[in-house]
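Enquirer: So the chains spell out like this:
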Amino acid sequence: MSSPSSSSASSSSTDLTRMTAADLATRIHSGEVSSVEVAQAHLDRIGAVDGDVHAFLHVSGESALSQAAAVDAARANGDTLGPLAGVPLALKDVLVQKGVPTTAGSKILEGWLPPYDATVTTKLIEAGIVILGKTNMDEFAMGSSTENSAYGPTRNPWDLDRIPGGSGGGSAAALAAFEAPLAIGTDTGGSIRQPASVTGTVGAKPTYGGVSRYGVIALASSLDQVGPCARTVLDTALLHEVIAGHDPRDSTSIPQPVPQVVAAVRRGQNEDLSGVRIGVVKQLHSDAYQSGVLSSFDQAVEKFTALGAEIVEVDCPHFEAALAAYYLILPSECSSNLARFDAMRYGLRVGDTGGASAEEVMMATRGAGFGPEVKRRIILGAYALSAGYYDAYYGSAQKVRTLIRQDFEKAYLAADVLISPASPVTAFPIGEKVNDPMAMYLNDLATIPGSLAGIPAMSVPSGLAADTGLPVGLQIMGPALGEEQMYRVAAAFEAAYVAEHGGVVADSAPALATAEVTR
Amino acid sequence: MSPSPPEDPAATGAPALTRADVAHLAYLTRLKLTDEELDTYVGQLSVILDSVAQVSQLATPDVVPTTHAVPLTNVYREDVVVPGLEHDAALAGAPAEQDGRFRVPQILGEGE
Chain A
1457 MSSPSSSSAS SSSTDLTRMT AADLATRIHS GEVSSVEVAQ AHLDRIGAVD
1507 GDVHAFLHVS GESALSQAAA VDAARANGDT LGPLAGVPLA LKDVLVQKGV
1557 PTTAGSKILE GWLPPYDATV TTKLIEAGIV ILGKTNMDEF AMGSSTENSA
1607 YGPTRNPWDL DRIPGGSGGG SAAALAAFEA PLAIGTDTGG SIRQPASVTG
1657 TVGAKPTYGG VSRYGVIALA SSLDQVGPCA RTVLDTALLH EVIAGHDPRD
1707 STSIPQPVPQ VVAAVRRGQN EDLSGVRIGV VKQLHSDAYQ SGVLSSFDQA
1757 VEKFTALGAE IVEVDCPHFE AALAAYYLIL PSECSSNLAR FDAMRYGLRV
1807 GDTGGASAEE VMMATRGAGF GPEVKRRIIL GAYALSAGYY DAYYGSAQKV
1857 RTLIRQDFEK AYLAADVLIS PASPVTAFPI GEKVNDPMAM YLNDLATIPG
1907 SLAGIPAMSV PSGLAADTGL PVGLQIMGPA LGEEQMYRVA AAFEAAYVAE
1957 HGGVVADSAP ALATAEVTR
Chain B
435 MSPSPPEDPA ATGAPALTRA DVAHLAYLTR LKLTDEELDT YVGQLSVILD
485 SVAQVSQLAT PDVVPTTHAV PLTNVYREDV VVPGLEHDAA LAGAPAEQDG
535 RFRVPQILGE GE
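Protein chains in written order, with my numbering: chain A, 1457 to 1975; chain B, 435 to 546.
None of these hints come from the bench; they were simulated from the model. Certain hints may be false.
To be verified - Straight line, CA to CA, 30 Å or less: simulated DSS-like cross-link-like pairs of lysine-lysine:
| no. | chain 1 | residue 1 | chain 2 | residue 2 |
| --- | --- | --- | --- | --- |
| 1 | A | K1759 | A | K1738 |
| 2 | A | K1579 | A | K1563 |
| 3 | A | K1579 | A | K1554 |
| 4 | A | K1563 | B | K466 |
| 5 | A | K1866 | A | K1738 |
| 6 | A | K1831 | B | K466 |
Make the full structure from the sequences, and use the hints.
Expert: Listed below in structure tokens is the structure:
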């Protein structure tokens, strides 16, 4: 893990890390501040706090500064800059970046340097977005706490003894620790939304197929989706428009225009929600949810009423079986996807003594290179797909998926968007659920139905829980390709929150102790 | 399809997995497990399987399975040649190489 080379953190650079991506872009484009200064301020911040937070697995100090310098040069040259040009970003370590270590949180990929860029990486670089480094995650995105990373957990900036969610805990923590104003996540069952929820940040999972997955290390191919993360809804929307769009290199990519989510956010900020029908999902409001989460959610519903929205209750009976279906579909697909880690062409190779067969080397490598949760899910998936059990397990789960999709279709006849808490609980202590897989899986109770249906869904902070004082996330779900109405509602909610509290939830995250930056 | 396993594993109430089952699955998935890992997984996987088995009760014959959330069929592209990875780049991550090729352990046994 490299450390950033840096200059001293001045008070003005501290201020730069507190700004939104939209503000930074405005200042960079007007020449008030350079992209290099902005990048340096964030690298300094990472140097000062990441020893405690551990959001990053790799910091790309030099390449970030040279990317930033290129944006400054382009500006000096009078070139037209993209809306986020010059703004720094943290990239989840499951997306490949050419020549930059990419591990997906696994020992099996330690030291591997990808020979190509993911489409999302290419889009970011072409947009002039400055990539600060790669963020920590549960191994191969399997987990809800980042404790399954082979490189040690990330800590929640709100309370360093608690989890930042997962699998994208590193990306969410980087935002909440003001190490980056933008981040990329991936969401298979909630890996963008649940970390956003427990860190008081914003994260959106686009419609399945809305963002290219070329160059994203696959977990469960019928579910995986890349999405934008930030501290505000507008920043999230700005990033969404950069990364979305059809990619011929991903056959599951939807041939649809990029949704106009930034315009939708402006509308949400400037108009009330009269005429908008908001559905409260009955099944996602139960005693399985922490009381502080439910009371924050109920206050959000009141806020929507005050904004002029019509609140309706919707019944989605099959959501009760969503978790069960998910924990058959996901392991089945991951057992197949992770077969590629065979010690032959790249990554770790263990036990190649000369006398050992390829099969023995493969078994030794996978045994040593994968962590416990990955092995658990591979075995579970192989079982669910085996002859004789396929129909009862994998086949049945796919049928439940149909029933859940139909529940959504019916709900969207009565409502334009659906809402629920994004996570059943606020951030829990590190270590609390690490030996109880089923308890860990329950963290994705509210996010999994949307994943199975492939709809767009996001988490926006609804405030701090009365019982724990920690952030609570509000989940807003749109119909397939309904990103614009989802963002509009999110922006209206956030605007109402800011009007009441004077800032977004992330603004009240605790200041972290800063270490002396060595150079 | 093998006739021996029950149609509905959830209905039998039988323990879902034995230690031998897990050992066999670990072999099929090319995972070398320690005895300790085997013991842990037998218990944990049985708990998980008990919890997820409810899906078979909802999966009536009239329900059509969903394989992909947003299904696309017949995805075509123009049949044109585009550059792929350079030879050296493709080999750069190889655990071992020889003569510009991936060097792998012995694949076939003696006499095969």
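Enquirer: Output the indices of the hints that this structure fails to meet, ascending.
Expert: Result: no hint breaks.
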